[in-house]
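Put the two chains together into one complex; each comes in its own frame, and the hints tell you how they fit.
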Amino acid sequence: MTGDTIDGADRAPVLAILGIGRVGSTLARRAISVGYRVLVAGSGSPEQIGLLVEVMTPGAEPRWAADAVDEADVVVLAAPFSRLHSLPLANLDGKIVVDVMNHWQPVDGDATGIELLDSTSETVAAAVPGAKVVKSLNHIGYHEIEEDARPAGSTERRAVAVASDHPEAASVVLQLVERLGFDAVDAGPLANGIQLEPGMPLFGARLDRDSILSVFAAEQDAA
Amino acid sequence: MELGIYSFGNGLRDAHGEYEPSARATRNLVEAIKLADEVGLDFFGIGEHHTEEMPASAAATILAAAASITSSIRLGSAVTVLGTEDPVRVYQQFATLDAVSNGRAEITAGRGSSSESFPLFGYSLADYDTLYAEKLELLMALNSSPTVTWRGTVRAALDRAVIVPQPEGGPLRIWLGTGGNPASTVRAARLGLPISYGIIGGQAARFAPLAKLYHRSADEAGVPADRQLISVGTPGFIATSDSDAHETFWTAWNNTMKYLAGQRGFTAPPRQHFDEESHAGGALFVGEPEEIASRMITFQRQMGHMRHFLQTDVGQLPHRDFLRSIELLGTQVKPLVDAELGTKNPRVAS
Ligand SMILES: NC(=O)c1ccc[n+]([C@@H]2O[C@H](COP(=O)([O-])OP(=O)(O)OC[C@H]3O[C@@H](n4cnc5c(N)ncnc54)[C@H](OP(=O)(O)O)[C@@H]3O)[C@@H](O)[C@H]2O)c1
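If you're matching them up, the sequences are chains E and D in order. First residue of the first sequence? That's 3 in my numbering, and the numbers climb one at a time after it. First residue of the second sequence? That's 16 in my numbering, and the numbers climb one at a time after it.
Here chain D stands alone, though its shape is the one from the complex (with noise of 0.2 Å):
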């Protein structure tokens, strides 16, 4: 199984609780990601947002910076919100980033859990479905020819339009990403997208089920099985002991907790219920690396993934504390995780 990280960025305060400036955290990324290559992790992802908190807003542009300085780990959105994005543009982006890495690029399509760039870009989220409908349908048409013609509703139709550059590698790898409705996993399923779930609370193999509904879907609408793709984001956070690694990530996703429940009138989860969700069979994945590579398997073999991949920086945490993660993930958790499934794509017994 495949193992990386996905980050939305993370907006760091001063000792006044003043943001310091997003353009370190945005550095912060590249370094990251470029230690996530040498110590042999498959894949770094980032999140489109548009806040002081999560300020990851270009995630191609990062993603580039770090191409020319990585070797073999692959590049991707996760997710990419479509809904307010010219499919044109990121495909032209996505394509570029491939490009300059020598084929690692791909995108993860998808709605987010946020809704920041609708006014942002000047969008209305009523027009949601159909701008997610349509677009989801050009970024597919032009990952299939060079030249496209097409015409909808939410942007200009194009006729015979040369793309460049094109992937010299056929087309890019395009993830569909859900976080859990039903509809969305036979949605990608029908059209032979590959799936990628992000879990982040509960219990993860809640999502075992969706994992059969997206087989049996793909199955039934003639997807080759070695084209039913699926990998799974989470939190997670890693270090030597289990206390620390749950000290420390208790606060950053406390701190998280906190913002959210501010922008979404939730009651922010206590300890305890962090607690639960940080331990076997939960979906946040905290611990020692030893813990959090059996915990990965038991889970690879509910659900059949192909790659697994963990939000760390999260709600603050410092830098270093996110690094050494990443370190202990691809030096400790990825060889445990190898032994045992093997490196190649598992396919699970669904």
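Chain E extracted, bound-state conformation (with noise of 0.2 Å):
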């Protein structure tokens, strides 16, 4: 498990996964399946989650989302766009978060009320300024998390793309996707993040990883 371990220590990261949707639930049943523990939240309390925790996601341990992410140390935001303010952000002060949030145009309307910068991971980075954040796993459709997942090496093996401006949490997020099942590419430093955006050629796409690369190889031609 090179690289899967947090400051040497001898475990995987323990991840928190706020907002238990459709999104939130597969991802958060398939990295229990490959042995994560995993944490989840909702935006109310433990209890009112139980039985949906019991049930779609079993294993799975309901938290209040400002505990889940005080105990984890990969914090996954998996909440409606809009509701960026509704999360704990103050305490993601030094967590590694994993942004798979799209601005969803019919569900998050304008996004009114969250100042929008060139993309939305890094509108989510000024928002958590102690967080590392890391844009990823939001270009592919909430049930292909499960669907699509293959082993490594598996020749029809999908790519998912990892941008974040700090290399020890892209390790980390890259070795996740990886274990989750998927080819992870690392995509640069954050700002790359636009590329992975709906309206971009990436979003929704079934690539493998020289796909995406050439996408980001194309891009940095451009520039």
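Worth flagging that the hints you see were computed from the coordinates, not collected in a lab. Please note that a few of the clues may not be correct.
Restraint ranges, calculated between C-beta atoms of paired labels, are given here [as the list claims (entries may be wrong)]:
(1) E:115 / D:183: 42 to 50 Å
(2) E:158 / D:346: 34 to 42 Å
(3) E:47 / D:273: 38 to 46 Å
(4) D:32 / E:131: 26 to 34 Å
(5) E:35 / D:185: 41 to 49 Å
(6) E:155 / D:36: 54 to 62 Å
(7) D:32 / E:155: 40 to 48 Å
(8) D:156 / E:46: 19 to 27 Å
These numbers were taken from a predicted model, which means no experiment stands behind them. From the three backbone atoms N, C-alpha and C, an ideal C-beta is built for every residue, glycine too.
Encoded structure:
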């Protein structure tokens, strides 16, 4: 499990998933199945999601969102983007934060109340300056996290991009993505996350590692 | 198990790619509902949309026209975007539909997957959760008493308001429509509402755990088992040969995907993706009648739904192909499904 440990500790990182909707529940189930300890939270109490978790994501541990963050090494933001400021942002200081959120017009509208930067993940990073934000897993459909997962080396393995300004955070998430069953592609700095957003060629496309790399190479040539 | 159809309207295009009059698409729906009734289908749903591509904006009006030329098919919305409607008006319209159809009206309230109705009717998506929660509560209040007193923030209060017409056969069947967020399943269950799942892609059986969650939550809330109903809407198209079905529906589905991809900024899936989802296990029920019957039966046993309805007329699918698919669903698929599952609502071991 080289690289898949936190601060040299001899264990896989503990995941907190904030948002136990379509993405959150699928990701939790998948992460548990590959051996992660997973804490989950909705917008309310752990009791409110008790039965939901028992049936949909057996093995996940329900928490209040802030408690889940405090106990975790890696925090996945899987709520609607327009709900960004309802998340326990202050608790995210020092955490590795995986932003899987999209600014999705039919749900988020204009996301009024959020000052939008060039890309959504930079917007998230600005809201949590003490966190190490990584953009990933937002460009694949929620059910594909389970349906398209394949063992390493499989010829039809799909690739998932990882963008971050924090190399050590990126390496933890690259490992996470690999263990979930995808070829993890280092996509460079967080600003590159814009290439993963709705409206861009990567979004929703089933691509392998080389195709993703070529998109970023083409971007670099253009720049 | 009941079988049916649902539609958002199908904006057809002429040889130059221009939309034909949306009035024609509207009449096509009335014709389709009439045929669905004639071939013995159980349900026809209209899902509110407001675009030239999907022009069925006024479900209750279309269904009322169909009510007068049909005799037994149940007629409902699929879905009514409740957040941007006045629940009083919705209730009156569907109670009126219930009157003119002699008790065949249903409502499915939901969020829908589009947001056009928000700017159109002057609402903000930022208020979505409150609009939906309050309006659902009001709609349920309207359905439980002929005079309603209600107070909330999203519309004027009602003080012993008299609501007419009243459905003669007791409360209307009001479903909660959802696309798979588990919290919506729990919500429907706790409210004692039947639930309707829209499964538009991927593997259909991934919704089976939600069905289990629905029953467990409803049991916990004390909802009697006979009121725990599940229905399922998926894309689907039937033709006499399997290859015809796949070729014809690929064209239509691809058109829709390209249209939605342009609107929402994803990449339209390639043919291979369609082929995976339109064969056994996938959410697209595309094929010849025996194949579809067998896939529907398998899926029913996984999910325990009492009704499965297909969205067929998408992406400029020619109207005659839509009608032919309805006919095959009623005359060929339904007898096979009935033979296996019986005509009464099956309940599952879950
Ligand atoms: N659907 C996809 O295929 C897909 C794919 C990639 C990325 N995404 C992105 O992933 C995110 C989630 O999408 P989804 O489809 O899973 O949405 P969803 O099914 O509507 O679920 C959203 C979840 O977020 C929770 N939530 C809201 N505010 C919260 C808060 N302050 N703290 C904790 N949880 C909170 C909700 O919990 P409550 O019910 O308790 O409020 C709900 O469980 C979105 O940003 C979306 O753009 C979606």
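Hints versus structure:
{"no.": "1", "hint": "E:115 / D:183: 42 to 50 Å", "in the structure": "holds (47 Å)"}
{"no.": "2", "hint": "E:158 / D:346: 34 to 42 Å", "in the structure": "holds (40 Å)"}
{"no.": "3", "hint": "E:47 / D:273: 38 to 46 Å", "in the structure": "holds (43 Å)"}
{"no.": "4", "hint": "D:32 / E:131: 26 to 34 Å", "in the structure": "violated (50 Å)"}
{"no.": "5", "hint": "E:35 / D:185: 41 to 49 Å", "in the structure": "holds (46 Å)"}
{"no.": "6", "hint": "E:155 / D:36: 54 to 62 Å", "in the structure": "holds (55 Å)"}
{"no.": "7", "hint": "D:32 / E:155: 40 to 48 Å", "in the structure": "holds (45 Å)"}
{"no.": "8", "hint": "D:156 / E:46: 19 to 27 Å", "in the structure": "holds (24 Å)"}
Hint 4 alone, counting from the list given before, is not met by this structure.
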